[in-house]
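Peer 1: Put chain B on the given structure of chain A with help from the hints.
For reference, the chains in residue letters:
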Amino acid sequence: MTAYFVRRLARALTTLFGTTFIVFLLVRVVPADPAVSIAGPKADPETLARIRRDLGLDDPVLVQYGRYVAAVARGDLGQSYVTGRRVTDVILDRLPATALLGLTSLGIGFLAGLVAGLLTAARRGSRTDWAVLVASLVGLSLPTFWVGNVLIYAFGYRLAVLPLGGYGTVRHLVLPAATLALGVFLLYARFVHTNVAGTLASDYVRTARAKGAGPVRIYVRHALRNALIPIVTLLGLDVAALMSGVVLTETVFNWPGLGRLAVQAVFSLDVPVLAGTVLFSAALVLACNLAVDLLYGVIDPRVQRG
Amino acid sequence: MGDRRRSQRLLAVGLVLVGLLTIVAVAAPWLTPYDPSAIVVAEYRGPEPPGPAHPLGTDTLGRDVWARLAFGARTSLVVGALAMAMSLVIGVTIGLVAGYFGGWVDAALMWVVDLVLTMPTLLLLIVLATVLPPSLLTIPLVIGVVGWTTFARTVRGEVLSLRERDYLVAARALGASHGRILVRHLLPGVLPGVIALAALGMSGAIGLDAGLSYLGLGVPLPTPSWGRMVSEVQTYFGVAPWLVVLPGVAISLGVIGFNLVGHALIDLLGDRRA
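So the protein sequences, as listed, match chains A and B.
Everything in the first sequence is counted per the working numbering, starting at 1 for the first residue and increasing by one.
Everything in the second sequence is counted per the working numbering, starting at 1 for the first residue and increasing by one.
Okay, chain A solo, but in the shape it has when bound:
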């Protein structure tokens, strides 16, 4: 178990190191002179030169990269060009909103999908399978930002029961969470359906049934437990995909989270904030994948040897 975990951890760390390189490269080529961004377009050349020297922009690229990695390792992601605040603080300010939105929609979508998948798996057969597949293919093809807008129109404007956007109360959370949860729900409903229906049709479930095991025992002990491994894997992979949905949903609903922060940073060319957000999100994804790998080892002892 320990060896397995150490191997996974080492891989996650090397990947994180790789992401710092990609982010650093992107930051280097973003066509905005940091000195101009900080001092404004009317600054005289001497001021600009001084800022460049202070930021170390005249040093060789490798030296700059080394300095960047060292700073990131200390948790220092630089300072915003626009507000001058520490990027780490800016991100931590925005994190709760994104965590609230992301976890709510992931939780609700996952549980609803699990239940729907289990219920439809009980009635498996070509007709049900077909309905689940088509509903999920069609539903997952709807653009997130559009679903958000349609929900705003229906519940915020027509029925006028929920706020059009913003942040603060549970009522504000309902529509953005529903927008994001829809995709999660459809994905898991189909995935759970396919996997559980598959295990229910397998030989060992037939054996268990022949030995007189009741339907609940078959579902919980046999079908669900075995289907859990691929489901948990998908959960880990899904975090990266969820981030894309978060960026769009936060923009649609004016939700003050990390996604909106990144989009705002693009338009103000606030490179450190943008780079910090990307790096932070990648680290988040890696942490989730690592957690899933661990969980994986607990659920299925076989993987440790792999």
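Just so you know, the hints here were simulated from the structure itself, not pulled from any lab data.
Any given hint might turn out to be false.
Now the stretches of chain A that chain B is said to cover, found in silico as 3 or more residues with beta-carbon under 8 Å [to be verified]:
#, stretch
1, 136 to 146
2, 150 to 157
3, 180 to 193
4, 263 to 275
Facing chain A, according to a computed beta carbon distance under 7 Å, are these residues of chain B, among others [claimed, not checked]:
#, residue
5, Met119
6, Thr235
7, Ile251
Backbone N, C-alpha and C fix where the C-beta goes; we use that ideal spot for every residue, glycine too.
Peer 2: Using the frame of chain A, we list chain B on its own:
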């Protein structure tokens, strides 16, 4: 099995959607008398609902919505196809090389795949779209550079299973060069599986392009794009709901069409091989 017929039906529906979209995109100038960027109302009195002169109404600037949708299909398909081609070339090359050479080459390339998979796609796209000046060529480039990992993984897997086949062992024994084996012997073997992935890649690229242009980072004005059509008019949803609904339906149909084709092909090709 009914599964096969089911897949064939999905494929048929998908192909019809994709076909219709392609026809609209190609024939756009003949399907509408209007310029998608021109103001076509004589006197602007707010967006006009669908009527005889403008089958899908006019937008918040007095432009013809049907013309914008039809020309928007061009943008979506061109961006989608170029992005998918880009992913395909990168992904197939990396998959072939990783699977064929194995060892540390494979390990290094798969590490890169992991790396790209870890980066949150849309955030990475946003950064890239900021770095490169957005155009009809850079947007597909950006989407393509992010979307090749599935191709690489699948092709690598296929190559691993083909590598020990007799005809490859024979080719190697005859002294064929690595390049010749890769291009003449392995590439044809992996291509059928790649076609299904290409359809899925198209679907993903159209969706991502819509997302980018919704955020204002897509193909620049005056080229009409479906994603921006939604963001341009969303504050008018209350007065002119069709302006928001229609481009969303167009994006969905495009994504669904290619998605169905891809899924059906994976099922059908999988059947054949089994």
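Peer 1: What are the numbers of the hints that this structure violates, sorted from low to high?
Peer 2: 3 and 6
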